[in-house]
Amino acid sequence: MTLTDTQRTTPVIEVDRLGVTYGQVRALQDVSLSLAPGRICALIGVNGSGKSTLFKALMGLVAPDTGGVSLFGLPIADARRRQLVAYMPQTEDVDWTFPVSVADVVTMGIYGRLGPTRRLREADRTAVDVALDRVGLAELRRRQIGQLSGGQRKRVFIARSIAQDARLLLLDEPFAGVDRTSERTMVSLLKTLRDEGRSVLVSTHDLAGAPALSDEAILLHGSVLAHGRPAEVLTPDNLARAFGQAATTPEDEA
Amino acid sequence: MDVLAFLLEPLQYGFLTRALAVTLAAAVVAAVLSCWLILMGFSLMGDAVSHAVLPGVALAYIVGIPFSIGAFVFGAGAVALIGIVRSTTRLKADTVIGVVFTALFASGLAIVSATPSQIDLMHILFGNVLGVSAGEVWQVLVLGAVTLVVLLLKRRDLTLLAFDRTHAHVIGINTRRLSALLLGLLALTVVVGLQAVGIILVVAMLVTPGATAFLLTRSFDRMLVLSVSLTVVASVAGIYASYYLDISTGAAVVLCQALVFTVVYLVARPDGLLWQLGRRRRSGRTGRGSSPARSGGAVEAAPPGDPLPGRARTGDPLTGTARSSDA
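Protein sequences appear in the order of chains A and B.
Heads up: the first sequence runs through residues 1 to 254, numbered per our numbering.
Heads up: the second sequence runs through residues 1 to 327, numbered per our numbering.
I should point out that these hints are in silico values taken from the structure, not numbers from a laboratory.
Possibly wrong hints are sitting among the right ones.
[As the list claims (entries may be wrong)] In silico contact screen, one side only, chain A against chain B (beta carbon under 7 Å); selected entries:
#	residue
1	ARG80
2	PRO99
3	VAL100
4	GLY112
5	GLN144
The C-beta atom is built at its ideal place from N, Cα and C for all residues, glycine as well.
Given the sequences, and given the hints that come with them, work out the whole structure.
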């Protein structure tokens with residue numbers, strides 16, 4: 001995909017005073033942020049800080065109470081229809097016993113641009129092969145996904161977003177259950193994708209890995225505590241606010 | 001009696017060839033659908049829809065319209081009702097399913113008991129495949145063919161929906177409409193299966209073939225083929241068993257499917273029970289008084305199983321939204 005000038009300058013993510021409530025629980029409050037193209041951004045926060053909710057809001061899976069989200073200057077539904085967004089699920093949200101092969105999963109990345117029965121043409125097969133090659137899983141293409149190592153499992157889903165040619169990758173805890181070597185492979189893969197002009201939003205509670213990976217960081221705790229270069233964001237002060245407040249009382253959150 | 005005569009004798013009877021046609025049509029459609037049902041954790045939904053059609057069937061007989069219309073209306077209505085209650089309460093899906101289908105089933109029983117002379121309850125509950133008319137055969141064949149064609153045309157989307165609903169949503173697929181399609185096809189399949197095995201046992205046709213095939217393969221396409229082939233074998237065997245042993249046809253077919261499942265459960269490689277026991281015994285032997293290196297070898301000989309234990313899906317079968325572990 002060639003980028004138009006507007007695509008090069010329009011923010012990939014534009015969140016404006018977003019608020020999300022589940023029943024009585026306020027998950028996100030007054031969240032505003034913007035992400036430029038070609039950046040890797042770490043979304044850091046404790047469990048319950050609203051990382052998953054923010055991801056869901058970005059994908060249009062939860063309806064905001066207040067504010068809104070636009071992706072690439074478009075309403076979310078349009079961005080989805082144009083195949084601009086890819087999502088990598090957390091390991092425990094995937095059914096690893098499901099009878100699909102590595103190639104099957106990667107092929108699902110291109111479904112959005114196929115006809116109603118999703119029949120593959122030659123060019124589509126090539127796109128799948130290229131994606132498998134780029135993540136180094138070409139040899140394992142016929143493996144059932146449950147028979148892969150932790151790092152390989154993650155790379156299947158990165159390959160799926162490459163095949164999709166998505167411009168924004170949402171990665172939910174991509175380094176959980178992955179050994180250091182695989183993590184390094186993934187980080188360099190993500191940096192190559194960034195250098196192609198794609199943007200990557202990575203949710204993580206791993207503070208150690210964040211600076212090496214990301215161009216910027218967002219510290220989230222119901223709302224945005226800090227957003228900027230990782231070194232500026234991950235100050236002891238900010239971290240105390242984000243992580244020290246893990247056991248806050250409900251009044252504080254409301 | 002030679003084999004050919006054994007096979008041909010029942011087919012002289014028109015009612016038995018009709019029974020065979022209806023059973024095979026219903027079993028094949030259900031076997032295809034069951035591959036997605038069991039992967040999505042929708043088995044209970046199959047049970048619910050099949051029970052919920054009882055008032056529809058009863059009313060259809062009373063009003064004098066084809067039973068399949070009444071059954072489909074109530075089957076689809078049950079799905080919609082479950083969806084509505086589920087999305088407007090905090091109750092879990094299986095709870096809502098339990099409340100809705102028993103209520104509908106009971107209203108069916110009430111209708112039948114209020115008009116005892118018109119309907120044979122036993123036939124609806126347990127099937128009456130030996131008594132189907134030529135017209136009913138056509139209903140089943142046409143509905144079965146329509147369901148099968150739609151399922152096969154949409155099979156890649158359905159597999160995606162079952163595997164990763166969030167991805168389906170993100171690439172612009174209307175997952176709600178696709179789930180509704182799947183549940184509508186479930187209702188149609190139940191209608192098709194009613195004649196063959198009745199309301200109570202139709203869930204067996206919706207679950208067992210897919211479950212059996214799942215144990216045999218790690219590829220979805222092969223799972224579809226295996227599910228259909230095994231169910232054809234079981235259905236034919238069931239019809240013959242019913243003829244020669246003089247037992248209920250629906251029961252015989254379901255028993256044959258259960259038998260196939262049991263055999264697969266025991267002997268399928270590499271995960272069948274007998275192989276698991278065999279490996280346990282072997283690794284037990286090598287483990288005793290042998291070097292750690294050798295028991296290490298035994299571990300390597302274990303099936304290429306998951307480094308992470310296989311887990312049941314805990315996603316919500318109705319909304320299927322990715323679970324929020326981070327509210």
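Hints and how they fare:
no.	hint	result
1	ARG80	holds, 4 Å
2	PRO99	holds, 5 Å
3	VAL100	holds, 6 Å
4	GLY112	holds, 4 Å
5	GLN144	holds, 4 Å
Against the hints set out earlier in the document, no violation occurs for any number.
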